[in-house]
Amino acid sequence: GGEGGGGGGGGSNGQGGSAANGARRSSTGDGSSSGGADVGPGSCAPPGPREPIAWLQCERCSKWRVVAPLYAEQMGKSSRPWYCEANPDRRCARCDAPEDPRANEEDDREVIFTVERLLKERRRGSTVEILVRWLGWGPSADSWEPEANLSPELVAAWRTGASPLSSHARTGARGRGGR
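Under UniProt numbering, think of the first position of the sequence shown as 1, with each following residue one higher.
No lab work stands behind these hints, which were simulated from the structure alone. None of these values were measured; they are calculated from a predicted model. Think of the CB as a built atom: it goes at the ideal place given N, C-alpha and C, for glycine as much as any other residue. One should not assume that every hint holds.
Stated by the list, open to error - Simulated restraints, written as ranges between beta carbons of each label pair:
{"hint": "1", "residue 1": "Leu-70", "residue 2": "Ala-148", "range": "24 to 30 Å"}
{"hint": "2", "residue 1": "Gly-161", "residue 2": "Cys-95", "range": "15 to 21 Å"}
{"hint": "3", "residue 1": "Arg-94", "residue 2": "Ala-148", "range": "42 to 48 Å"}
{"hint": "4", "residue 1": "Glu-85", "residue 2": "Asn-149", "range": "48 to 54 Å"}
{"hint": "5", "residue 1": "Thr-160", "residue 2": "Pro-88", "range": "24 to 30 Å"}
{"hint": "6", "residue 1": "Glu-105", "residue 2": "Gln-74", "range": "21 to 27 Å"}
{"hint": "7", "residue 1": "Ser-126", "residue 2": "Glu-59", "range": "43 to 49 Å"}
{"hint": "8", "residue 1": "Arg-133", "residue 2": "Arg-80", "range": "18 to 24 Å"}
Modelling step: build the complete structure from the supplied sequences, incorporating the hints.
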């Protein structure tokens, strides 16, 4: 099981597409808005300032919604489109609810993506890279990741043939690679 979140795809803010395509973002940051926008009571924002958050994008209105990382992971495994009405936060469960102001901010915090499986490895100079298939993404999104960015337990299990179903890879906010 994992912590949700990945970027990529063609969303309105350059961060992704729909939940059905696995487009979700997780943040381990403080959840605060650097722009001073209103994220207080009644807005579509998480209740606690230090809780990890994830994002899902509505297929109907294309607005990004803050959700719990576990919920985002569950929705990312579904092949069905995600709509605001499915949001557990009833304040944000309508397309006419305002989008969280942080949705369009550049996110320089660490992003966690869920690994579906490891495919093969190569050496680039002194760096060992492993080809990763991301959960919820097809082969065209596979990316070569430095071994140091992946869970050591996952890599060890893969090399011995006892690979777990999924684990996490840590990559920068830039995305899943793109090399």
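Against the structure, the hints come out as follows:
1. Leu-70 <-> Ala-148: 24 to 30 Å: Holds, at about 27 Å.
2. Gly-161 <-> Cys-95: 15 to 21 Å: Once the Cβ atoms are compared, 47 Å apart, the range 15 to 21 Å for Cys-95 and Gly-161 is violated.
3. Arg-94 <-> Ala-148: 42 to 48 Å: Distance hint for Arg-94, Ala-148 holds at roughly 43 Å.
4. Glu-85 <-> Asn-149: 48 to 54 Å: violated (36 Å)
5. Thr-160 <-> Pro-88: 24 to 30 Å: violated (39 Å)
6. Glu-105 <-> Gln-74: 21 to 27 Å: holds (25 Å)
7. Ser-126 <-> Glu-59: 43 to 49 Å: At 44 Å between Cβs, range holds.
8. Arg-133 <-> Arg-80: 18 to 24 Å: holds (21 Å)
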